[in-house]
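Taken in order, these protein sequences are the chains called R, U, Y, S, F and L. Each residue of the first sequence is one higher than the one before, counting from 154 in our numbering. Each residue of the second sequence is one higher than the one before, counting from 154 in our numbering. Each residue of the third sequence is one higher than the one before, counting from 154 in our numbering. Each residue of the fourth sequence is one higher than the one before, counting from 154 in our numbering. Each residue of the fifth sequence is one higher than the one before, counting from 154 in our numbering. Each residue of the sixth sequence is one higher than the one before, counting from 154 in our numbering.
None of these hints come from the bench; they were simulated from the model. Yeah, the Cβ is synthetic: ideal placement off N, Cα and C, and Gly gets one too. Some hints could be false.
As the list claims (entries may be wrong) - List time: in silico DSS-like cross-link candidates among lysine-lysine, alpha-carbon distance up to 25 Å: (1) U/Lys181 with U/Lys250; (2) R/Lys295 with F/Lys295; (3) Y/Lys295 with R/Lys295; (4) S/Lys181 with U/Lys295; (5) S/Lys181 with S/Lys250; (6) L/Lys295 with S/Lys295.
Claimed, not checked - Just some of the chain L residues that point at chain R, by a computed CB distance under 8 Å: (7) Phe189; (8) Arg200; (9) Ala208; (10) Ser285; (11) Trp307.
Protein chains: 6
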Amino acid sequence: MRISRFPVPRLDELPDDIRARIAQVQEKAGFVPNVFLTLAHRPDEFRAFFAYHDALMLREDGLTKGEKEMIVVATSAANDCHYCVVAHGAILRVYEKNPLIADQVAVNYRRADLTPRQRAMLDFATKVALRSQEIEEGDFEKLGAHGFTDEDAWDIGAIAAFFAMSNRLANMTSMRPNDEFYLMGRDLQKFGNAYLRRGSRPLRG
Amino acid sequence: MRISRFPVPRLDELPDDIRARIAQVQEKAGFVPNVFLTLAHRPDEFRAFFAYHDALMLREDGLTKGEKEMIVVATSAANDCHYCVVAHGAILRVYEKNPLIADQVAVNYRRADLTPRQRAMLDFATKVALRSQEIEEGDFEKLGAHGFTDEDAWDIGAIAAFFAMSNRLANMTSMRPNDEFYLMGRDLQKFGNAYLRRGSRPLRG
Amino acid sequence: MRISRFPVPRLDELPDDIRARIAQVQEKAGFVPNVFLTLAHRPDEFRAFFAYHDALMLREDGLTKGEKEMIVVATSAANDCHYCVVAHGAILRVYEKNPLIADQVAVNYRRADLTPRQRAMLDFATKVALRSQEIEEGDFEKLGAHGFTDEDAWDIGAIAAFFAMSNRLANMTSMRPNDEFYLMGRDLQKFGNAYLRRGSRPLRG
Amino acid sequence: MRISRFPVPRLDELPDDIRARIAQVQEKAGFVPNVFLTLAHRPDEFRAFFAYHDALMLREDGLTKGEKEMIVVATSAANDCHYCVVAHGAILRVYEKNPLIADQVAVNYRRADLTPRQRAMLDFATKVALRSQEIEEGDFEKLGAHGFTDEDAWDIGAIAAFFAMSNRLANMTSMRPNDEFYLMGRDLQKFGNAYLRRGSRPLRG
Amino acid sequence: MRISRFPVPRLDELPDDIRARIAQVQEKAGFVPNVFLTLAHRPDEFRAFFAYHDALMLREDGLTKGEKEMIVVATSAANDCHYCVVAHGAILRVYEKNPLIADQVAVNYRRADLTPRQRAMLDFATKVALRSQEIEEGDFEKLGAHGFTDEDAWDIGAIAAFFAMSNRLANMTSMRPNDEFYLMGRDLQKFGNAYLRRGSRPLRG
Amino acid sequence: MRISRFPVPRLDELPDDIRARIAQVQEKAGFVPNVFLTLAHRPDEFRAFFAYHDALMLREDGLTKGEKEMIVVATSAANDCHYCVVAHGAILRVYEKNPLIADQVAVNYRRADLTPRQRAMLDFATKVALRSQEIEEGDFEKLGAHGFTDEDAWDIGAIAAFFAMSNRLANMTSMRPNDEFYLMGRDLQKFGNAYLRRGSRPLRG
């Protein structure tokens, strides 16, 4: 199975900094997500892509890591992006310790087990993804009604915008998600306890 | 978690034939899929719905059971139907013994690991789902080029039509898929051997 | 003129129960609507289709027969379904004793001679037909403001869902409406009196 | 029933030329189509509108009067224009001496009893109506393959363009079609002979 | 560069009245806008087109000439009409003495330097242009809240409707805007003073 | 006039590297494009954004600088992005030494003065911008037929993807283009000679 319709470089062909970054993610995840190998075809673009990704996704701000991944999954589903829905769906499950949330958000976030605040966040994010030309002050007011600051709004919109790019790169390259992502974070037993402890979304009790 | 926004009858309130059907599916699946409980609110409609479902999905014809489920998943995804994508995605994984196929078909069937014949099948099915008014002889000819007969075309289109109804019922009732469906058929170890034996889609070898 | 692009069985080839059903409708209507002949190609599907149809359309509930046909015509027009708009338009004219209503609802129900309650009913029905994934509690509240119960909402949505299927079957089979339907119920003289007695919509007085 | 949401002038308030035009159409049709009364609210616009209408619709050229009305009905249906579909549907039935054709073209011209040439004509017309920015030489070549000249193409496109305006005026004014239009030209007995003589579309023989 | 894909008559071939009209516009503008030459291919349609144009655009009413051109530019942009956006964009800049306004309105009128009243005007106009079947009383009430009368509403809607036709004619004929339009009214120095005097939209002070 | 709905930092508040970059662009352009000031609100995102921009737009490859700007303008127009259409339209005019090309591409690139190769480039780019999920091998083949390599295809698609992000950031922040952009590169006199000499469209060759 090809992971990209474009050439994929061998690790030993790559510049040191890129190889180091890939080694780092492999150590953490146990495998190399295909987005790293696909984009490594263009080292300068690779560096900018991940610098941007980290600036948004690792920034400490008003959104949890899980909420950021909800934005990624909802907007990537709106763009039918195979790689991003599967890969970030896995990360969403892990961050939220919730084996159901990724599929719910991917199919129809309006039916997902979300708080009203998270729902408002995804309404804004999908509007940026699909109809950004219609964004107006009223949209920011709706966010504000759920306690989101202007800085939070920037984060939500900028993540939606970044994945608008990412989805198109993945679709254009026919980027294939690693098999590992499909199963990751789905274990009900493993997550069950922590999940129930949080109390917010009892699964079946 | 409510499984329907409408009243859900208790099993002991149901007519005998419906209770028997539910007992039968519970014995086979190990749990009662929520579609049975949701639709049991209207016994006559329940009977007609499952009679229709069985007439199409259990009919012995030119499509495999897995291919029929591909049609269900692809068209239900086109309609953003939470229940049908999750529940029939599970059944698709089981029938195909392929832990990846359901998510692939749900996100973007154009990127899924399908044969050209299956791809043509889903092109026809999604056209029936989304733009049936534009179906013309040319669409049947495209199916014919992949060996599908007119009877196969009826099956593909009728399944897409039936789930056009089913998706709307599920969306209207906010029907919730059972938690069990999310993990079903995802076990790489369990399916790996049979899967690899088929030869067509090596997972990671 | 072919009435279906698929084979149409001769009456003497049909199972007894289906032939009896067809004889019954012929006696009542004076001709055999082509949907019966087209779907008789698949007896099991025929039985389930009409069982479902009757469960919804003959059910005694909060909607009049005419209102149910309004739902059929409005949603079938949204799907550009030749058979359903023409055939059910005829039935709508007859039930409502109104020679104008079917064309009005088919072209643009927002401009039709409807009560505000009927207008709300068709807003809900067409949302189920076209964007069921966006149905939320607010949509049920709008129905409630016009006196519709939750059971009425189910009826409206389920009829829209059933004809989502029916429209796709008719479009897929190029099902042709009988010529008789076009003129049925259009006689101004015949309907004039009853129509004017209702008082609500004077035609030309 | 109001025939326009804007003021409708009394006949004796109108300029002589407009009153004369209205008298003329009344004599011919037996009633005054509401478009004349609605647009008479603005005499200068009335004059230009009907001058344009006549320049296109009465021009002797490669299209029959019936074919011009097919264009009107198909594009007006694409714009959900209540007045134009009903009024021009009536005229289409009369010109074509075919009681079925108007409803067929209005609901889905792809399923109507048309010649391949007429089908190509409506494909071009609806593209002008809905996606004129995408018209390219290839579209003219498709017309040419059916014997349409460039002048015919102008006629088809200009009629579609004129009714793009007309439909919006009618929708904006909630222009109501006269009751008389609904039944006009539907009499199977009256048209049957001439219709059958043409040979192309036997109704029930 | 062809200015139309259809034949363009020489001036000496034209009827006197049309040649006179063209001479008049040439004297005023310094060149002959291509719409005059393109439509002169059909003299009767030319006469009706410009009679209609003048009835709407030269009418003294509640809209300024600049506001009328805003409607033309916004709706022509919605239809991707090359000729109308460029030519009427030039006229809009001149009338408004504002070198920025045409591009703003063409790209996204929601982001343009408009008063709330003008914004409401363009919301109504683009709804007529794109979704006239959904126009209802609420749309007129929104206009009324900004001081627009019913006659103003007619003007706004009728201009949008007229250019719905005009855009389609231009797109169908591949009508090419004259080079002169692109630069007209863009001179910041020339307009600067008058512009600043109006006080409403300081450019860079 | 605010240039962003979010806070815009003063130059003396900025990190040195960002201030240096801004000084550099100001020296070259004579003013500071507002995108630099708007994005400087988030220094890390600013750095990644411009690193990515430069990696794509300054890369020496099979596309000219003018062609890259055509991609930016066409896709930004598809997203109704006020900032990008105006600012990059200016750059496009300058690079192509063509005062007309930017408005042509922005309104409807199908009507612009482009070579068939450039047209194919924009067909691919707008498909990535609007329907990237449908990109398939056939799209690459169409590019190949005009001499584009796979690396060129990556460039075209990646630029479309980057501006999918950029358009959404600009729309979300209501980023306002500098007044200077509107007039830049429009001078017919300055460009006129080369332009007129060519007669038709060879701009520089």
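Right, here's what the structure says about each hint:
no., hint, in the structure
1, U/Lys181 with U/Lys250, "holds (18 Å)"
2, R/Lys295 with F/Lys295, "holds (22 Å)"
3, Y/Lys295 with R/Lys295, "holds (22 Å)"
4, S/Lys181 with U/Lys295, "violated (51 Å)"
5, S/Lys181 with S/Lys250, "holds (18 Å)"
6, L/Lys295 with S/Lys295, "holds (22 Å)"
7, Phe189, "violated (16 Å)"
8, Arg200, "holds (7 Å)"
9, Ala208, "holds (4 Å)"
10, Ser285, "holds (4 Å)"
11, Trp307, "holds (6 Å)"
In summary, the numbered hints that this structure violates are 4 and 7.
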